[in-house]
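*Asks:* Chains as they are written, first to last, in my numbering: chain A, 206 to 502; chain B, 278 to 512; chain C, 302 to 405.
Hint data in this document are derived by calculation from the structure and do not stem from the laboratory.
Mixed in with the good hints, there may be bad ones.
Stated by the list, open to error - Which chain A residues stay away from chain B? Per the calculated CB distances, all over 10 Å, these:
| id | residue |
| --- | --- |
| 1 | A223 |
| 2 | R334 |
| 3 | Q440 |
Said to hold, decoys possible - Using C-beta positions, here's what the derived DEER-type ranges look like:
| id | chain 1 | residue 1 | chain 2 | residue 2 | range |
| --- | --- | --- | --- | --- | --- |
| 4 | B | V296 | A | A452 | 25 to 31 Å |
| 5 | A | P501 | C | T319 | 35 to 41 Å |
| 6 | B | A488 | A | R265 | 29 to 35 Å |
| 7 | B | A297 | C | G383 | 48 to 54 Å |
| 8 | C | S369 | A | E384 | 42 to 48 Å |
| 9 | B | H504 | A | N481 | 36 to 42 Å |
| 10 | C | S369 | A | S353 | 49 to 55 Å |
| 11 | C | T319 | B | S483 | 33 to 39 Å |
| 12 | B | E436 | C | L305 | 48 to 54 Å |
| 13 | A | A247 | C | Q360 | 18 to 24 Å |
| 14 | A | A452 | B | A475 | 35 to 41 Å |
| 15 | C | S369 | B | A488 | 49 to 55 Å |
| 16 | A | Q472 | B | S483 | 42 to 48 Å |
| 17 | C | A316 | B | L439 | 33 to 39 Å |
What the hints assert, rightly or not - To be clear about the criterion: a stretch of chain B counts as covered by chain A if any three or more of its residues have a C-beta under 8 Å from a C-beta of chain A, and this derived list gives those stretches:
| id | stretch |
| --- | --- |
| 18 | 290-300 |
| 19 | 307-314 |
| 20 | 331-344 |
| 21 | 367-374 |
| 22 | 377-386 |
| 23 | 420-427 |
| 24 | 476-483 |
Note that this is a predicted model, so its numbers are computed, not measured.
Don't be surprised by glycine CBs; every beta carbon is placed ideally from N, CA and C.
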Amino acid sequence: MSIPRHSYFEATARRRLAGLLDAGSFREILPPAESTPSPHLASLDLPGAFDDGVIVGSGRLAGKPVLVISQEGQFMGGAVGEIHGAKIVGLLRRAVAEKPAAVLFLIDSGGVRLHEANAGLIAISEIMRAVLATRAAGVPVLALVGGSCGAFGGMGIVAKLCSAILISEEGRLALSGPEVIETVAGVEEFDAKDRALVWRVTGGKHRYLMGDCAALVEDDIASFAAAAGAWLAGQQEAGPSLAALRATQTQLENRVAAYAAYRDGLQVWAALGVQNPESVPLLDRDSLVAIKEGLPT
Amino acid sequence: MSLTPLLDTLFPQGHRVQVAGQVITGEATTAEGAVAVLGTTDAAAIDHRMALALAGFVLDTVERYPGRPLVFLVDTSGQALSRSQELLCLNGSLAHLAQCVDLARRQGHRSLSLVTANAVSGGFLSFGLMADRAYALAEAQVRVMDLRAMARVTKIDHERLLRLAEVSPIFAPGAESYRRMGAIEAIWAEPDAGLLSAALAEADASDRRMAEGRSRGGRQLAEVVAHTVEMAVAA
Amino acid sequence: METLEYRFASAPAAAAETPALCGVVGSGNLEILVTPGAEAQSCAISVKTSARGFGDIWQAVLAAFAASHAAGGTRIAINDMGATPAVVSLRLGQALADYQGGGQ
Numbered sequence: 206m207s208i209p210r211h212s213y214f215e216a217t218a219r220r221r222l223a224g225l226l227d228a229g230s231f232r233e234i235l236p237p238a239e240s241t242p243s244p245h246l247a248s249l250d251l252p253g254a255f256d257d258g259v260i261v262g263s264g265r266l267a268g269k270p271v272l273v274i275s276q277e278g279q280f281m282g283g284a285v286g287e288i289h290g291a292k293i294v295g296l297l298r299r300a301v302a303e304k305p306a307a308v309l310f311l312i313d314s315g316g317v318r319l320h321e322a323n324a325g326l327i328a329i330s331e332i333m334r335a336v337l338a339t340r341a342a343g344v345p346v347l348a349l350v351g352g353s354c355g356a357f358g359g360m361g362i363v364a365k366l367c368s369a370i371l372i373s374e375e376g377r378l379a380l381s382g383p384e385v386i387e388t389v390a391g392v393e394e395f396d397a398k399d400r401a402l403v404w405r406v407t408g409g410k411h412r413y414l415m416g417d418c419a420a421l422v423e424d425d426i427a428s429f430a431a432a433a434g435a436w437l438a439g440q441q442e443a444g445p446s447l448a449a450l451r452a453t454q455t456q457l458e459n460r461v462a463a464y465a466a467y468r469d470g471l472q473v474w475a476a477l478g479v480q481n482p483e484s485v486p487l488l489d490r491d492s493l494v495a496i497k498e499g500l501p502t
Numbered sequence: 278m279s280l281t282p283l284l285d286t287l288f289p290q291g292h293r294v295q296v297a298g299q300v301i302t303g304e305a306t307t308a309e310g311a312v313a314v315l316g317t318t319d320a321a322a323i324d325h326r327m328a329l330a331l332a333g334f335v336l337d338t339v340e341r342y343p344g345r346p347l348v349f350l351v352d353t354s355g356q357a358l359s360r361s362q363e364l365l366c367l368n369g370s371l372a373h374l375a376q377c378v379d380l381a382r383r384q385g386h387r388s389l390s391l392v393t394a395n396a397v398s399g400g401f402l403s404f405g406l407m408a409d410r411a412y413a414l415a416e417a418q419v420r421v422m423d424l425r426a427m428a429r430v431t432k433i434d435h436e437r438l439l440r441l442a443e444v445s446p447i448f449a450p451g452a453e454s455y456r457r458m459g460a461i462e463a464i465w466a467e468p469d470a471g472l473l474s475a476a477l478a479e480a481d482a483s484d485r486r487m488a489e490g491r492s493r494g495g496r497q498l499a500e501v502v503a504h505t506v507e508m509a510v511a512a
Numbered sequence: 302m303e304t305l306e307y308r309f310a311s312a313p314a315a316a317a318e319t320p321a322l323c324g325v326v327g328s329g330n331l332e333i334l335v336t337p338g339a340e341a342q343s344c345a346i347s348v349k350t351s352a353r354g355f356g357d358i359w360q361a362v363l364a365a366f367a368a369s370h371a372a373g374g375t376r377i378a379i380n381d382m383g384a385t386p387a388v389v390s391l392r393l394g395q396a397l398a399d400y401q402g403g404g405q
């Protein structure tokens, strides 16, 4: 096992972009010196951030022009407020006109920022439509999930609207956070303090094994860059089609029918044909990818 | 209002609508012609089965009745809160539903949603807010979270949130906040077939919620910020 | 939240064209934005902090920074979520170095 040189999980949103994009290629749009913190946080007596917790701009990935969005999970849990959301929507609309090779969407967010809840919910709805409009214009939107806040709430939905998701083992992808489920439904439904269980239900390995994410990536910024570059080289944005959504519908219906009673990743992995499901949490990335690629389809 | 009188009022020219496990599917006749009617009842907590039932019905409509408008009746308390639902990637099924509504739009189906009772977070995002335009009945509850729970999570005084909610639509629950912010086109005092037909005639595919939010004074920043980012001269 | 404004005499900083940002507004952390200021011989600092009642400590930490660094001709804006004086001093040094290094 190698020790990651630059953990993606630990890095700030700016550091991730600096490491992901070709050296010196990043150009920020609406940089901190030209923007103002959220007045809604100020009205609740909370300090804001100049970039409102999201960085947008342009750069190059393996020589190809890309537009980028990077959420800062350390600021308000990466949650979406009015300005934060509008920056993302503006960047996606820009992509429709500019036609970059892709939009890289570095998601690190718990979803709606409760301090500006209505603005955040509406913004996420606008992001959802903007992601689909960008894809319909032929520009792929690639989600990268590996930050401390994962992709939860409305941002979990947004991630699944993207062309594909690259996720690390540390990444998490779901709708409701385990804490919310525990609070509402009780600790016997979901023990949010049981970190191993949380990862078996929402974590990167589980999402990758089930096919909800296109690739499993080491927790290393350079590995994310390599995986994003490889994905870009091999994919074209097909745009929406009835046939594709029919196929997804059938696949999802079959999956729900087969696995509806399960409550732990271990059960699903066994049903998928993984030989020693209990070993999955201990496997390194390459071994897990080998298992996934050997599964019956 | 329960579903049958609601449907009778909205569609006096006739409707054939089934309800199975809180999911509404069917069709109705309006002054604008035949429409697909779908949605949820009784504050449904949207789970995989409901999302897939709605998504399948949207795809059926696109396939069999090209161009037929979609009328969503929204009554959802949010998403189902359970470990087994999350295990199978509930956000993925909600995204699939949203994608189906978006496909219908791109294939020329106009759509509107009417919040009949409750519209909360994830459930609202997946179909109600995906329609071309959203409307709400006057008594509808629209929110992310009630203020008491919000006070607990944000650790901000409940009293203080109550005071701010009186002046700011940014986080005050209620359909009127969403109208001022541009996400709900209009609030109907009661269900009305004439308003429904007029709304269907007006629906179009552009997302103009930011502009509406600004002109109605509820969201002053979003449109300007998005426009600045979209149009900024590349450095 | 508390808003604090200061101005300190400081030796002129090497002129820089690009603003510099350092740090993140996370718990126990802060962000510092350095931009060109109006007067070459002084440094204007504004602080927005989540913790009230620490004006004296801010004054001391920032005065020590302005005295020990050539920060004249800059405007420094800080958003703070309860960083310790040690973290504040560290980040100030980083931010000024980034600013004079021409940024990224």
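*Asks:* All the hints need checking, so say for each whether the structure fits it.
*Replies:* Hint check results:
1. A223: holds, 16 Å
2. R334: violated, 5 Å
3. Q440: holds, 18 Å
4. B:V296 to A:A452: 25 to 31 Å: holds, 28 Å
5. A:P501 to C:T319: 35 to 41 Å: violated, 55 Å
6. B:A488 to A:R265: 29 to 35 Å: Cβ of B:A488 to Cβ of A:R265: about 33 Å, so the range 29 to 35 Å holds.
7. B:A297 to C:G383: 48 to 54 Å: holds, 53 Å
8. C:S369 to A:E384: 42 to 48 Å: Distance hint for C:S369, A:E384 holds at roughly 44 Å.
9. B:H504 to A:N481: 36 to 42 Å: violated, 54 Å
10. C:S369 to A:S353: 49 to 55 Å: violated, 34 Å
11. C:T319 to B:S483: 33 to 39 Å: holds, 38 Å
12. B:E436 to C:L305: 48 to 54 Å: violated, 27 Å
13. A:A247 to C:Q360: 18 to 24 Å: This hint holds: roughly 23 Å between Cβ atoms.
14. A:A452 to B:A475: 35 to 41 Å: For A:A452 and B:A475 the Cβ distance comes to about 38 Å; the hint holds.
15. C:S369 to B:A488: 49 to 55 Å: holds, 51 Å
16. A:Q472 to B:S483: 42 to 48 Å: holds, 45 Å
17. C:A316 to B:L439: 33 to 39 Å: 51 Å Cβ-Cβ, so the 33 to 39 Å window is violated.
18. 290-300: Check failed, 0 qualifying residues.
19. 307-314: violated (count 0)
20. 331-344: Since 5 is at least three, the answer is holds.
21. 367-374: Coverage by chain A holds here, the residue count being 7 at a Cβ distance below 8 Å.
22. 377-386: holds (count 5)
23. 420-427: Holds, because 4 residues of the stretch 420-427 of chain B bring their Cβ atoms closer than 8 Å to Cβ atoms of chain A.
24. 476-483: n = 0 at 8 Å, threshold three: violated.
Figure legend: structure checked against the earlier numbered hints; hints not met, in rising order: 2, 5, 9, 10, 12, 17, 18, 19 and 24.
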